[in-house]
Amino acid sequence: MRIPAIVMALALGLTACGGGGDGLEIGMSVSTLNNPYFVQLRDGAQAQADKLGATLTVTDAQNDASQQVNQVQNFTSQNMKAIILNPVDSDAAAPAVTAAERVDVPVIAVDRGVNGVEVAQTVASDNVAGGKLAAQELARQMGEQGQAVVLQGTPGTSASRDRGRGFEEGIKAFPNIQVVARQPADFDRAKGLDVMTNLLQSHPDVTGVFAENDEMALGAIRALGSRAGKEVKVVGFDGTPHGLTAVKDGTLAATIAQQPKLLGQRAVEAAVKVARGETVEKSVAVPVKVATQQNVAEFETS
Amino acid sequence: MPSKRSAAWLAENGAVAALVVLVVALSLLSSDFLSLTNLLNVGVQAAVTAILAFGSTFVIVTGGIDLSVGSVAALSAITLAWTATEGGLPWPAAVVLSLATGVACGLVNAALIAYGKLPPFIATLAMLGIARGLALVISQGSPIAMPEAVSHLGDTVGRFLPIPVLVMLVMGVVAAVILNRTYPGRAMYAIGGNEEAARLSGIKVSRIKLVTYALSGAFAAVAGVVLASRLASAQPQAAAGYELDAIAAVVIGGASLSGGKGRALGTLVGALILAVLRNGLNLLSVSAFWQQVVIGVVIALAVLVDTLRRRGTN
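Chains D and A, in that order, give the protein sequences.
Each residue of the first sequence is one higher than the one before, starting from 1 at the first, in our numbering.
Each residue of the second sequence is one higher than the one before, starting from 1 at the first, in our numbering.
Hints should not be assumed to be uniformly reliable.
What the simulated footprint calls covered on chain D by chain A, stretch by stretch (three residues with Cβ under 8 Å from a Cβ of chain A suffice, anywhere in the stretch; the number is not a length) [stated by the list, open to error]:
#1 28-39
#2 190-204
Just a sample of chain A residues kept apart from chain D, beta carbon distances all over 12 Å, derived [unchecked claim]:
#3 Val-16
#4 Gly-154
#5 Glu-195
#6 Leu-210
#7 Phe-289
In case anyone wonders, no lab produced these hints; they're calculated from the structure.
Predicted model only: the values in this text are computed from it and were never measured.
C-beta: ideal position from N, C-alpha, C; glycine also.
For reference, chain A alone in the conformation it holds in the complex:
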């Protein structure tokens, strides 16, 4: 019975099945893959993408898109490092300011979308440029050292447990709780399902969008700080292009770009698939040119299997 139930659960969660296939295949192909250290490495390497992707899950559930998360991550990390070193702020204040930067970017996105009626693609594309540019302006184009205390976010607890993995799991739980257990979370699904119907049933759509993009910005800030902590240095060019990885992770995780569907667990699995794949390609010494082909094919297959299965059951 339990095996039958777990088989049914796997069928229900295409991304999990894809991850299992990938892990089994890599374990067979490389003897170095299935070790605790390597799996923790994969977790650390998934962390930044996963945290960005949790934020993007809110946005994609509402039927929107956020292209600015990579740039906002870089800007938030630069803000932290700059205010703490050049500005002389105590580091807790700098952390708060960095989160506030992320939230502010998200609120600007939301205002442009909800009140300015810009398509989310365009509003967040503009923010992609603005946030990256501001990161370059503030930093003068050079990396800034992170304050010592914050850099410990990139270390491990005890000998083994990497803090980025813990942060990823905490942010995942936060995202899941918001999506499933709060009013704004459920309203996001309603908006993504049918925005007009949501409006007619009394949901304050503009206000929920402000919350949605602010959350995306806040998650991006956390991701940026984690990334900079791992390098002990905030870089203006950090996380460039990560928005596409984040969107891929969300969609691999079973969300629909047309909105109304998506879960935090799926997103986590999507981010893990990308990280496992990159790790495996390194371990197998696949050539640089082929790696990009393989990653593209796996993304397409993961989503294709899922959509075909859904079409089959409906």
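So here's chain D without its partners, still in its complex pose:
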């Protein structure tokens, strides 16, 4: 898993270096490129950098927080004018940010925030708001009554925490919907299938499922078989290409679509501004949107 990813990261770094002329040099450390979501984020950033004439160097931290700290330190010694950081871990990223800002290199955090230190700007989707939207959409499609289960992401991750919290807040408004189980499936499709299969044994009358990402939702749909989309409504999160296809087919009731390309784009815009000494807002919330069968077409092109 490690070695080829390093080669890929090097290759990406090289192609990114080859692009620009006299443009601003910006470094970007992505938490992992083994996930289509972050690949889209990088693509959005790269496109915007090309448009603005900046040179973007992308590295892959492979979900390793200590490797990410090294990458940020390397960026400062390469005289990058700004650094875009997509933290592996919001807490562990703080020392890297401190080190960069000590040598006056501004840092933009993207997709996840950095805890404990101030960055120039945080560009992120609002996961709590997304969780709330998911609760509202699921309630609507369940006819505001019945039993629901939640498939949780990897325990302890901020995405799982925030989406779960938003969902709980949102579902409170519907007293006739009972959340009968909350179980972890680690953001993984195969585990989503197994956990949903097990939950159907103890709660056969479930009519709603909230999965904290699309992969688990697709696993749950597999467990539900022909009941998915008909008797049982499944709502996912992320709006991945496979998730959107399932929404179009009607097996996934809805997904809360994030806009990773827009996140990357906004982060580069901010990085270019701060590198030129302009002031920027402390935080930018990139909206999440509910994708359903009615409006799914507008997501697939973006």
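Given the coordinates of chain D, assemble chain A onto it according to the supplied hints.
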């Protein structure tokens, strides 16, 4: 008499006793546990781990370790899906190619270990990275749809019998026969017991290691194809971390990590213990954070009971 004999048999097989305790406890705690459908679900959920673990049993019996099985499973499934969809190969050819991929990974591991004198931990750790990386390279990081015909491996025969359970049982019998009834199988025990003695008694140790790791790779390929069939989709990130479940299953089943000991039946029981536990935790709605604690404690207890009992009898 029969009850006395079965009690003696249970004492001899610590893992079986642990499984029985677990099943009885869960039946009492959850009214949904002891139904045919749920038990078949447990079987399906054990299948992938069990098949990987059968392959790991060969390796652990020789005193080695194979950390690459999860990655090799993913690479084999991706190879199948990619050659059948993008490559346009007929699916039987793609299946053969996928098995060949597993075997090839195993042979590379064995060559590094037997001829390159690398410790098995390092050789297979390298393969863990290489196979996972190649799966990502081939798939460009995205899941690939499995060919329709192969996906039926994830279905059921008739209304009830899940095919993954059948595949698991067949692979278990194959593993048991190889271990007990063939020359390479017995040579694996000899190598695990004392490699130098095995060499001196005329066993071609390097050649047996090639067979051992090739078998592990082949079993990993089968596990990968079963996993992908259940999802109808081959995923480059599939089975990440499953090597540790496989090793745990083998050791819970009574094998020794220092080699020379281990049986296919024990491994099956070890995999079933892990699956029963995860299923039960879901049925009981145990919180996400506690689940990991419980699983860790049960693994430790299962092996501890077994080793204490052995020490007592010796």
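The hints, checked one at a time:
1. With 5 residues carrying a beta carbon less than 8 Å from a beta carbon of chain A, the region 28-39 of chain D meets the three-residue requirement, and the given coverage holds.
2. For the region 190-204 of chain D, the proposed coverage by chain A is satisfied: 9 residues have a C-beta within less than 8 Å of a C-beta in that chain, meeting the threshold of three.
3. No beta-carbon of chain D comes within 12 Å of the beta-carbon of Val-16/A; the shortest separation is about 23 Å.
4. Distance check for Gly-154/A against chain D: the nearest CB is about 9 Å away, which does not clear 12 Å, and the non-interface claim fails.
5. Residue placement check: Glu-195/A keeps its beta carbon more than 12 Å from all beta carbons of chain D (closest about 30 Å).
6. Residue placement check: Leu-210/A keeps its beta carbon more than 12 Å from all beta carbons of chain D (closest about 24 Å).
7. Separation of Phe-289/A from chain D is inadequate, the least Cβ-Cβ distance of about 5 Å not exceeding the 12 Å criterion.
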